[in-house]
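Enquirer: Sequence:
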Amino acid sequence: MTEFGNITLYREKSIVYRFTENDDDAPREEPVLELRSNRVTIPVKTKLSTIAAVVRGQNIPGTMRMASIALDEIRRDANVLIDGGVVDWHGQWERKVSKYERDFNPENWVSVHVAGDQLYSSREDNRAIQEVESLSVGADVSDDIIMETASNVLGALDDYAVEHDSQTSFVMVAGPQFHRASILERRDRKTGAFSMSAYHPTPQNQVRLSHFMGFCADMMEVLTLKSFLDRVQEMAQDGSLSRSNITPTQVQGARLRRKELMNNIEMFEKTNKVVYRPDRPTLG
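So the sequence shown is numbered by the numbering used here: it starts at 1 and just counts up by one.
If a hint is listed, it holds; no wrong ones were tucked in.
The list that follows gives simulated cross-link-like pairs (lysine-lysine, PhoX-like), each with its CA atoms no further than 20 Å apart:
#: 1; residue 1: Lys-259; residue 2: Lys-96
#: 2; residue 1: Lys-99; residue 2: Lys-226
#: 3; residue 1: Lys-99; residue 2: Lys-259
#: 4; residue 1: Lys-259; residue 2: Lys-270
#: 5; residue 1: Lys-226; residue 2: Lys-259
Label pairs and their computed distance ranges (CB to CB):
#: 6; residue 1: Ser-151; residue 2: Gly-284; range: 45 to 51 Å
#: 7; residue 1: Pro-203; residue 2: Gly-85; range: 34 to 40 Å
#: 8; residue 1: Asp-125; residue 2: Asp-159; range: 23 to 29 Å
#: 9; residue 1: Arg-127; residue 2: Lys-47; range: 31 to 37 Å
#: 10; residue 1: Ser-242; residue 2: Arg-277; range: 38 to 44 Å
#: 11; residue 1: Arg-277; residue 2: Ser-142; range: 28 to 34 Å
#: 12; residue 1: Gly-116; residue 2: Leu-154; range: 17 to 23 Å
#: 13; residue 1: Thr-20; residue 2: Gly-192; range: 37 to 43 Å
#: 14; residue 1: Ile-82; residue 2: Phe-228; range: 39 to 45 Å
#: 15; residue 1: Arg-255; residue 2: Arg-280; range: 18 to 24 Å
#: 16; residue 1: Gly-91; residue 2: Ser-244; range: 33 to 39 Å
Quick caveat, the hints were computed from the structure, so don't treat them as lab data.
The structure presented is a predicted model; accordingly, all values stated were derived computationally and were not measured.
Virtual Cβ for every residue (Gly too), placed ideally from N, Cα, C.
Sequences are here, hints too, so could you generate the full structure?
Expert: Structure, rendered in structure tokens:
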């Protein structure tokens, strides 16, 4: 049976600036490369070593759902770590994308990397991310890696600087009694944290890790939609909604998607023993 180490999701932003001459001879920073994504690291423990699988994506729920696909494929056949091209990554990803995402977030994308090699990307141009992962090979991304990526992608730059920020948003631990996920939320300039544990019915009949990851993805998307719908209500009250690009169709789509996700969450909770600490977050 394949073993996984702690699975972590980071929210990452990297900007590379080139210094250019200004009319007043003062140097000016010009952004020449910007990378924003979510990064899930999955340490896969084999008999000989630990191999790093990484999933990148545009938003947190989508990245987590692609990570659940990777978890299932690696658990089913560890040879995926050697020859991941045999997997229909695209078909499985397409089945994970909701109608709401297709309609209102067409820029959504994901990519899968193992031991630094890119196995799949849902977008055509993923060169910069691919370069970062080939240099980091599952380890933490540093300023030096972003600098080297910029040099490889853009060519040698005479004078440039890097601004790289990485924040942990999610940690999932697989255990013999239960799986646990710790989630750090940053919304409306506030920081909050909660954890969820799914207990195994028996040691021999354990909750599948990919199912728990999917449950966590649903939870994260519901919280995102709640924040969006709360903001829509505030904008409607202060009269600013009509000046925004938010349409009634999107609001209705968000409500329907939230209802669908709530049903998924409640079904998982009925099927499994889930414990929240300190409390179950307010979803409605």
